[in-house]
Structure formats: structure tokens, C-alpha cells
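Given chain A, put chain B in place with the hints provided.
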Amino acid sequence: MEVRNTFYTLVETVCRDLYIQSLKEIPPDVVAALERSAKNETTEVARRIFAHYLRSIDLGRKENMIVCQDTGIPIYWVEIGGELRLDGSQLTAAIIRGTERATREHPLRSSIVSPLGRQNRQTNSGQRIPIIHYDFTPNSNVLDILFMPKGSGSENMSFMQMLLPADGLNGIKKFVLEKTIGAGAKPCPPMVVGVGIGGSSDLCMTLAKKATTRSIGSKNLDSELAALEEELCAAINESGIGPQGLGGATTALAVHVESAWTHITCNPVAVNIQCWRAERRRARISPDEQVVVGF
Amino acid sequence: MPEYRFKTPLLEEDIRQLKVGDAVLLDGVVFGVRDGNLMRIFDKNTPPPCDWRGAALLHSAPNVRKLGPGKYEPVSVGTTTSMRMDRFTEGLLRDYGVRALLGKGGLSERSAELMRQYGAVYLSVTGGAAAMETLQIEEIEKVFWEDLMPECIWQIRFKGFGPLTVGIDTHGSNLQCEVQQRAQRKTVEILKKMGID
Numbered sequence: 418m419e420v421r422n423t424f425y426t427l428v429e430t431v432c433r434d435l436y437i438q439s440l441k442e443i444p445p446d447v448v449a450a451l452e453r454s455a456k457n458e459t460t461e462v463a464r465r466i467f468a469h470y471l472r473s474i475d476l477g478r479k480e481n482m483i484v485c486q487d488t489g490i491p492i493y494w495v496e497i498g499g500e501l502r503l504d505g506s507q508l509t510a511a512i513i514r515g516t517e518r519a520t521r522e523h524p525l526r527s528s529i530v531s532p533l534g535r536q537n538r539q540t541n542s543g544q545r546i547p548i549i550h551y552d553f554t555p556n557s558n559v560l561d562i563l564f565m566p567k568g569s570g571s572e573n574m575s576f577m578q579m580l581l582p583a584d585g586l587n588g589i590k591k592f593v594l595e596k597t598i599g600a601g602a603k604p605c606p607p608m609v610v611g612v613g614i615g616g617s618s619d620l621c622m623t624l625a626k627k628a629t630t631r632s633i634g635s636k637n638l639d640s641e642l643a644a645l646e647e648e649l650c651a652a653i654n655e656s657g658i659g660p661q662g663l664g665g666a667t668t669a670l671a672v673h674v675e676s677a678w679t680h681i682t683c684n685p686v687a688v689n690i691q692c693w694r695a696e697r698r699r700a701r702i703s704p705d706e707q708v709v710v711g712f
Numbered sequence: 693m694p695e696y697r698f699k700t701p702l703l704e705e706d707i708r709q710l711k712v713g714d715a716v717l718l719d720g721v722v723f724g725v726r727d728g729n730l731m732r733i734f735d736k737n738t739p740p741p742c743d744w745r746g747a748a749l750l751h752s753a754p755n756v757r758k759l760g761p762g763k764y765e766p767v768s769v770g771t772t773t774s775m776r777m778d779r780f781t782e783g784l785l786r787d788y789g790v791r792a793l794l795g796k797g798g799l800s801e802r803s804a805e806l807m808r809q810y811g812a813v814y815l816s817v818t819g820g821a822a823a824m825e826t827l828q829i830e831e832i833e834k835v836f837w838e839d840l841m842p843e844c845i846w847q848i849r850f851k852g853f854g855p856l857t858v859g860i861d862t863h864g865s866n867l868q869c870e871v872q873q874r875a876q877r878k879t880v881e882i883l884k885k886m887g888i889d
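Chains A and B, in that order, give the protein sequences. Start counting the first sequence at 418; every next residue gets the next number (the working numbering). Start counting the second sequence at 693; every next residue gets the next number (the working numbering).
Isolated chain A, as found in the complex:
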């Protein structure tokens, strides 16, 4: 199904709104997980921090405020229905324009700089930014866009290693636990931990990041990986790091694992972390230009 020219303008405004609203409205599954965790805490300090989290979430929704000042690195995961006929380059341009309009029109802090000169265009865009991942869905005629404003406190706590095949699953578990617990207060716990297993080094980290976008409570369809998610989450929570690293029962809200097949000599593992807000927001655009927004 061929889209009209107005489709790209729509994508632009949808992307602008996804960016702004993702900073103001925390996903309901994340809020529910924080509420459950708050009830589990026994110390006054941990309960105090959870109260601050929930209060800020409330202000975001009711007072139309940005919950955290970090506007993050803008990342889009785009799934194009196989039956949709569109111009990919125009689609990319629309996503970039939407990102820049969000920054200018709200206004949002521009957190994006050149890597060496640290030059800031004040647009939250630049070379290869926003980051856009494309995928394709068979037998579908809709465009799905999942947006995340990836905060830097947690992004700076990213880890990847090419383990040996002989290191096996135990090597993977050890790596994940040492890195996530070692991150301590820095990623603003309790965190959502994304783990990538397999692939090449770059795919492995992409899988880890994609895993953080899954809703809390979701499980990997592979029962072995679903069991691994549970085991790792329980182990991280035994560390006692707690909210803001001040001590407590909840250090991870969830661990999500995503995997790909790999090379016979490789055993790659990657960890990517989302802070306690785990912001994400999605939109589904149909060819008749209807938009449905969700998380």
C-alpha cells in the first residue's frame, strides 16, 4: 500500500510528540514495578527514595513536567510493515526533523555533542544521531515506531565482552552479575538490565539495548532464557545496592535477555542498563494516517 506525501509530515509530528511525551509519562508497567518495590523496602532511606521516584512520576503526568532533566540520546526502533510502500530516505528525514522540532519547540535540553570537539547544535541531532533501527514485519501494513530517550547515567554503564565458548553460560552469568552490581549507584537503580547473548559484538550490544525496551513482566519466549532472566534478577537483588545505591531490597526491576546465533569461536555477552524510569513510548501509524500511541 503506497503512502501519501502527508504520511512523512505525520511521522515527523509523531516523532516530536514521542520524544516530548516519553520524558513526561513513565510506562505503566514501570510505575507498577516501582510501586511494588516501594512496598518491599524496610529501611527509611530506601522508602524515602522510592517516594521521591513516585512523586516525580506523578508530577510528570499531572503537571506536564519532564521527570528527569536528561533528554538522553534519541533512539528509534522502527518496524515497517511488509505491505507498506514508502520512501525510506524520506522516512529517515522525517524522524530527524521530528527530533529537532521536539528540542526546539518544547524546548528540550540538547544533550548531543560532537565526540571530540564537543560541539552542540542545540537540536539533539548530529552525525548519525538520532539513532534509527529498521526492521520489517511480514503481512502488515502499519508503521511501528518505538522511541527511547536513553539517559547517560545508565548508558555510561554499558559493558560487552567476547567470552570464550568454553566459558559457557556460567561465564555469561558471572559477567552480568559483576558488571551490574559493580555499577552500583551510577545507573540510578533500581534498573532494568538488558542482556545480549550471541551475534557479533555490535549485534550483541544492540540486543542488550533492545531487551531494555521490553515491558516489565514480559518473559523471553525461550524457557531456558526466561529462567536465566529470573535467576539473574534475583541474584542482582541480593546485592543490597538498592535505590540510588543507598541500600535496599530492589536493585533491578527486571532482567531481560535477547539472543542471536553466533560464530563457532564466539560467546559474546553485552549488558545495557535503563535507569528506574525506563522511559519508552510507541506509536503505530496506519496507511490511512491513523495514529495509536502506547508504551
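Treat the hints as calculated values from the structure; they're not laboratory data. Heads up, a few of these hints could be off.
So the derived label-pair ranges between C-beta atoms look like this [stated by the list, open to error]: (1) A/N537 / B/L827: 19 to 29 Å; (2) A/G585 / B/L840: 44 to 54 Å; (3) A/L586 / B/L840: 46 to 56 Å; (4) B/R779 / A/R453: 33 to 43 Å.
As a list, the in silico DSS-like pairs of lysine-lysine whose alpha-carbon atoms are at most 30 Å apart [to be verified]: (5) A/K456 / A/K479; (6) A/K596 / B/K884; (7) B/K885 / A/K456; (8) A/K441 / A/K456; (9) B/K736 / B/K758; (10) A/K591 / B/K885; (11) B/K758 / A/K479.
The C-beta atom is built at its ideal place from N, Cα and C for all residues, glycine as well.
Relative to chain A, chain B alone:
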């Protein structure tokens, strides 16, 4: 745990009674600082253009809207990771008489030792909860070194900022550091229990 409420500038005897885990509310001026302006002070030997005796300094990440020349209103003012600014603790306490550093994630054991020596505390702000923090601001009174935007020195007046959690006290305790050290030891136990050496 006790809850305290102080007005800035802070008094040494007030600060010395605090213990890690205590809750503190602050009223009055808090100065927003971060990498860029602290590097100018200490690496370029340029003294700060304000009196920091008894001051509370916040490791700040402001998101502001310009109203006019030198005048800004907060859009979202939050707190950034303190550890990046760890090496400036000594100069701030010794040369400028700062009494409280505010930030997220904690500071090193070295900073805790300096705080014991000079009579200062680290107050942990709840990271990522900028919406709450922003509403506790009465006014951004002044901005110094605007050429460093957004890494200027922000003179912000708060009403009831917090409750903040005492992370480092003047008695040698460093809460976030102790939690982290316990977690590292625990990791060895957890791995052993999982049958991994």
C-alpha cells in the same frame, strides 16, 4: 531517623551533628556547579565570583528557559553524577569554605576523609527525580559565567529542597561507598551459591 531543616549558608555545628541516613531539608541559596565551571576554578586558577563560605553546592544539570538578559526560569533542574567532580572536593572545602556538596551516586573515600577534616557533608539528591526538585526552586537568582552555558554557576534559591539523604557525614561514614563494598563482597557469595567460581 532525625529530620533536619537548615537555611543556607550552613553553620559548622549544624553540619557536624548529622549522621549518614539522616534527612535534611534546605532553604535558601544553593549554587549549581559541574565539570565546566569547576575546571575553570581549579585548572585555570579563576576564583569563583561568589562567596562560598558555608555554601551548599549542587552537582547540577539544568534545563532552563531564557526570559531576558541573565534571567532564566527552570524547565527541569536535576542532579548529575557526583563522582566526576570528586577531585575538586579538597579545593572547595579548604580554599572556599564549602559546607555541603549535593549530588547523586556518592563521592570517594578520600572525599569522606576531607569532609571529616574540614567539617562538611555530602547530601544525596534523588537522581532522576528532577520534576520534584524543580518545583522546590523559588527562583534562579543569578547566573555567573554564562559563556559556559549550560555549565555556568547557577545561584538558585530553594524552599524545602529535599528531603536529601546524608551520604557522607563528618564522622567518617560514607553510605554509598559502604553499600557498594558490601555488594562486592556479596557478589562472591552469590556466584559461589550459583556454582560459579
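Are A/K596 and B/K884 close enough, with their CA atoms no more than 30 Å apart?
16 Å, holds
With the threshold set at 30 Å, check whether the alpha-carbon distance from B/K885 to A/K456 stays at or below it.
27 Å, holds
For the pair supplied as a hint, A/K441 and A/K456, is the alpha-carbon distance within the 30 Å limit?
At roughly 24 Å apart (the allowed maximum being 30 Å), A/K456 and A/K441 satisfy the hint.
Using the Cβ atoms, figure out if A/L586 sits within 46 to 56 Å of B/L840.
Because 49 Å falls inside the window, the suggested range holds.
Given the range 33 to 43 Å, decide if the beta-carbon distance of B/R779 to A/R453 lies inside it.
Given a distance of about 39 Å, which is inside 33 to 43 Å, the answer is holds.
Taking 19 to 29 Å as the hint, is the beta-carbon distance of A/N537 and B/L827 inside that range?
Since A/N537 and B/L827 have Cβ atoms about 27 Å apart, the given range 19 to 29 Å holds.
B/K758 paired with A/K479 [C-alpha distance capped at 30 Å]:
Holds, at roughly 24 Å.
Below or equal to 30 Å on CA atoms is what counts here, so check A/K456 against A/K479.
The hint holds at about 23 Å.
Distance restraint hint 44 to 54 Å, applied to the beta-carbon atoms of A/G585 and B/L840:
Since A/G585 and B/L840 have Cβ atoms about 50 Å apart, the given range 44 to 54 Å holds.
Given the hint that B/K736 pairs with B/K758, test it: the Cα-Cα distance must not exceed 30 Å.
Holds. B/K736 to B/K758 sits at ~28 Å (cutoff 30 Å).
Need the status of pair A/K591, B/K885: alpha-carbon distance at most 30 Å?
Roughly 12 Å between the alpha carbons, so the hint for A/K591 and B/K885 holds.
Of the hints listed earlier, there is not a single one the structure fails to meet.
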